[in-house]
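There are 2 protein chains.
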Amino acid sequence: AASRQALERAGKTAADVDAVIVACSNLQRPYPAVSIEVQDALGVEGFAYDMNVACSSATFGLQAAVNAVENGAARAVLVVSPEICSAHLNFRDRDSHFIFGDACTAILVERESDVAEGQGFSVVSTRLRTRFSNNIRNNFGFLNRADESGIGKPDKLFVQQGRKVFKEVSPLVAETIQNQLSGLGLKATYLSRMWLHQANLNMNLLIARKLLGRDPQEQEAPVILDEYANTSSAGSIIAFHQYHEDLQSGDLGVICSFGAGYSIGSVVVRRR
Amino acid sequence: AASRQALERAGKTAADVDAVIVACSNLQRPYPAVSIEVQDALGVEGFAYDMNVACSSATFGLQAAVNAVENGAARAVLVVSPEICSAHLNFRDRDSHFIFGDACTAILVERESDVAEGQGFSVVSTRLRTRFSNNIRNNFGFLNRADESGIGKPDKLFVQQGRKVFKEVSPLVAETIQNQLSGLGLKATYLSRMWLHQANLNMNLLIARKLLGRDPQEQEAPVILDEYANTSSAGSIIAFHQYHEDLQSGDLGVICSFGAGYSIGSVVVRRR
Numbered sequence: 289a290a291s292r293q294a295l296e297r298a299g300k301t302a303a304d305v306d307a308v309i310v311a312c313s314n315l316q317r318p319y320p321a322v323s324i325e326v327q328d329a330l331g332v333e334g335f336a337y338d339m340n341v342a343c344s345s346a347t348f349g350l351q352a353a354v355n356a357v358e359n360g361a362a363r364a365v366l367v368v369s370p371e372i373c374s375a376h377l378n379f380r381d382r383d384s385h386f387i388f389g390d391a392c393t394a395i396l397v398e399r400e401s402d403v404a405e406g407q408g409f410s411v412v413s414t415r416l417r418t419r420f421s422n423n424i425r426n427n428f429g430f431l432n433r434a435d436e437s438g439i440g441k442p443d444k445l446f447v448q449q450g451r452k453v454f455k456e457v458s459p460l461v462a463e464t465i466q467n468q469l470s471g472l473g474l475k476a477t478y479l480s481r482m483w484l485h486q487a488n489l490n491m492n493l494l495i496a497r498k499l500l501g502r503d504p505q506e507q508e509a510p511v512i513l514d515e516y517a518n519t520s521s522a523g524s525i526i527a528f529h530q531y532h533e534d535l536q537s538g539d540l541g542v543i544c545s546f547g548a549g550y551s552i553g554s555v556v557v558r559r560r
Numbered sequence: 289a290a291s292r293q294a295l296e297r298a299g300k301t302a303a304d305v306d307a308v309i310v311a312c313s314n315l316q317r318p319y320p321a322v323s324i325e326v327q328d329a330l331g332v333e334g335f336a337y338d339m340n341v342a343c344s345s346a347t348f349g350l351q352a353a354v355n356a357v358e359n360g361a362a363r364a365v366l367v368v369s370p371e372i373c374s375a376h377l378n379f380r381d382r383d384s385h386f387i388f389g390d391a392c393t394a395i396l397v398e399r400e401s402d403v404a405e406g407q408g409f410s411v412v413s414t415r416l417r418t419r420f421s422n423n424i425r426n427n428f429g430f431l432n433r434a435d436e437s438g439i440g441k442p443d444k445l446f447v448q449q450g451r452k453v454f455k456e457v458s459p460l461v462a463e464t465i466q467n468q469l470s471g472l473g474l475k476a477t478y479l480s481r482m483w484l485h486q487a488n489l490n491m492n493l494l495i496a497r498k499l500l501g502r503d504p505q506e507q508e509a510p511v512i513l514d515e516y517a518n519t520s521s522a523g524s525i526i527a528f529h530q531y532h533e534d535l536q537s538g539d540l541g542v543i544c545s546f547g548a549g550y551s552i553g554s555v556v557v558r559r560r
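Top line first, the protein sequences correspond to chains A and B. Heads up, the first sequence is in the working numbering, so the first residue is 289 and it goes up one at a time. Heads up, the second sequence is in the working numbering, so the first residue is 289 and it goes up one at a time.
No lab work stands behind these hints: they were computed from the structure. Any given hint could turn out to be false.
Far from chain B, by Cβ distances over 10 Å, these chain A residues were calculated [stated by the list, open to error]:
no. : residue
1   : LEU315
2   : ARG317
3   : ASP328
4   : GLY334
5   : ALA361
6   : LEU460
7   : TYR478
8   : PRO510
9   : GLN530
10  : LEU540
11  : GLY549
In silico DSS-like links for lysine-lysine, alpha-carbon gap of 27 Å or less [to be verified]:
no. : chain 1 : residue 1 : chain 2 : residue 2
12  : B       : LYS455    : B       : LYS444
13  : A       : LYS444    : B       : LYS441
14  : B       : LYS444    : A       : LYS444
15  : A       : LYS444    : A       : LYS455
16  : B       : LYS452    : A       : LYS441
17  : A       : LYS455    : A       : LYS475
18  : A       : LYS441    : B       : LYS455
19  : B       : LYS441    : B       : LYS452
Ideal Cβ positions, reconstructed from N, Cα and C, are used throughout, including at glycine.
Use the sequences and the hints to build the structure in full.
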């Protein structure tokens, strides 16, 4: 449904698309790739593959799609992020289970020349960064069969050290966006909007504060946690989806996701 | 070890690399991404992510790396394919269990200008294609928890309809390579070597025969199945690794993988 809506909004059909990337934390099976099933359901020719870098999957997928389109490997790429977080939560762990939700998002990445005048957003720049950490982890995998004593243990479900993540990731994110903007000759105050990863309200406030040098106004860094909860990689894309209509041509914003890994994906966009 | 060997052969260190992609059928866990752990072990700055499109993962990873390097998102990308096939085989199924092996491969994709004179290969063209099929499938996944009656059932292990795959995939592969070569103004007979996916000797002979219009000579389409067995996405890369030293500058070859999905990834390369 998300994919069809993305195509409809872009005024395009499956025939205009050459590739489907399913980018999410929670892939249902190893193969056939889930993306190929989505491709088949939509009737898209071309190719498809799955990718995973946890909560940052959607922005990492965006960069892969931008690279493929700019390089001519595809005319348009659909980046789909189906997140079924519920199924790997530990309902005996108060620190994790009630904060997640399920959702699916889809973004169509096209050549500039294929987009109607005044429609959509241009990708100004993408910046990806990862630094290994075990503070958010899920050990569920096919190798577990080799050690039967571990089957069904809590470390095969979602586990996180919330406070450590908060302290360590927030400054990394602010620094990554700051460096990206500096490289573009931009200041954070030029941004009309920050669609940040939707895991924790205070984390987003802290990041926005570090960037702006003041508390953000509500519409500068919109929060969708009250309605959708944490939907992993889908979160920042839902925020973008819900809060972009009022932007004017030329307005700048940043979509930034962050999470397990640690991984940070930051995409600066301009309203066309 | 494979990654370190790839860096050593290229005369490069971790400091020259900006990204690590782990592309394979058999990812050990959902997150943190396995690629970020590899990145950390090697001491690479930059970013990393996992991708999966079964047996074709390595060639799809190659295209993603080529796109990222050509686009300037990274100076060099390491594509790593660790395949631990043993752990998801059904040892009660004679049709599948004895044909697989475990292996890990690594390829360094760099800017042309960073590669020493006469070293390595140039990527002439990449061609990816997928068409949905359930004839090779593995349902092992986190959602299985939701249906306890299915736990431990054979469909959570590797399952394939070998003869159907043989009949349906072989012509698709030959056609894909043929179209790619035609687009480049090349004939199959110009290829000094075909490093085909290593699943089945007869499949490779059939594909080579369709392309060349005659039986291939042994060194035209080298087979490593006798030593390594089917190592999923690692297979065509091992064949490339073992059988490239004798090629002369300007010689052309094609690395082509195919498998579950169905997915086909074809990379035409030229000896520098």
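Cross-check of the supplied hints:
Listed as a non-interface residue, LEU315(A) fails to keep its Cβ farther than 10 Å from every Cβ of chain B; the least gap is roughly 7 Å. The Cβ of ARG317(A) sits about 4 Å from the closest Cβ of chain B, inside the 10 Å cut-off, so the non-interface label is violated. Residue placement check: ASP328(A) does not keep its beta carbon more than 10 Å from all beta carbons of chain B (closest about 3 Å). Not every CB of chain B is more than 10 Å from the CB of GLY334(A) (nearest about 7 Å), against its label as outside the interface.
Some Cβ of chain B comes within 10 Å of the Cβ of ALA361(A); the nearest lies about 6 Å off, and the non-interface call is violated. Every C-beta of chain B lies more than 10 Å from that of LEU460(A), the closest at about 13 Å, which supports listing it as non-interface. For TYR478(A), the non-interface assignment is confirmed: its Cβ lies about 23 Å from the closest Cβ of chain B, beyond the 10 Å cut-off. At roughly 26 Å, the least C-beta separation between PRO510(A) and chain B is larger than 10 Å, which holds for a residue marked as non-interface.
For GLN530(A), the condition that its CB be more than 10 Å from all CB atoms of chain B holds, with the nearest at approximately 26 Å. Here LEU540(A) stays apart from chain B, with its beta-carbon at least about 20 Å from theirs, past the 10 Å limit. For GLY549(A), the condition that its CB be more than 10 Å from all CB atoms of chain B is violated, with the nearest at approximately 5 Å. Pair hint LYS455(B) plus LYS444(B) holds up; C-alpha atoms about 25 Å apart against a cutoff of 27 Å.
With a CA separation close to 19 Å, the supplied pair LYS444(A) and LYS441(B) stays within the 27 Å bound. Of the pairs offered as hints, the one joining LYS444(B) and LYS444(A) holds, with about 17 Å between alpha carbons and a cut-off of 27 Å not exceeded. The hinted pair formed by LYS444(A) and LYS455(A) meets the criterion: a straight-line CA distance of about 25 Å does not exceed 27 Å. A threshold of 27 Å between alpha carbons decides the hint, and for LYS452(B) with LYS441(A) the separation of about 39 Å lies outside it, so the pair is violated.
A threshold of 27 Å between alpha carbons decides the hint, and for LYS455(A) with LYS475(A) the separation of about 24 Å falls inside it, so the pair holds. With a C-alpha separation of about 43 Å, the suggested pair LYS441(A) and LYS455(B) falls outside the 27 Å cut-off, and the hint is violated. Taking the CA atoms of LYS441(B) and LYS452(B), the gap is about 23 Å. The hint holds against a cut of 27 Å.
Violated hints, in rising order: 1, 2, 3, 4, 5, 11, 16 and 18; the structure is consistent with all others.
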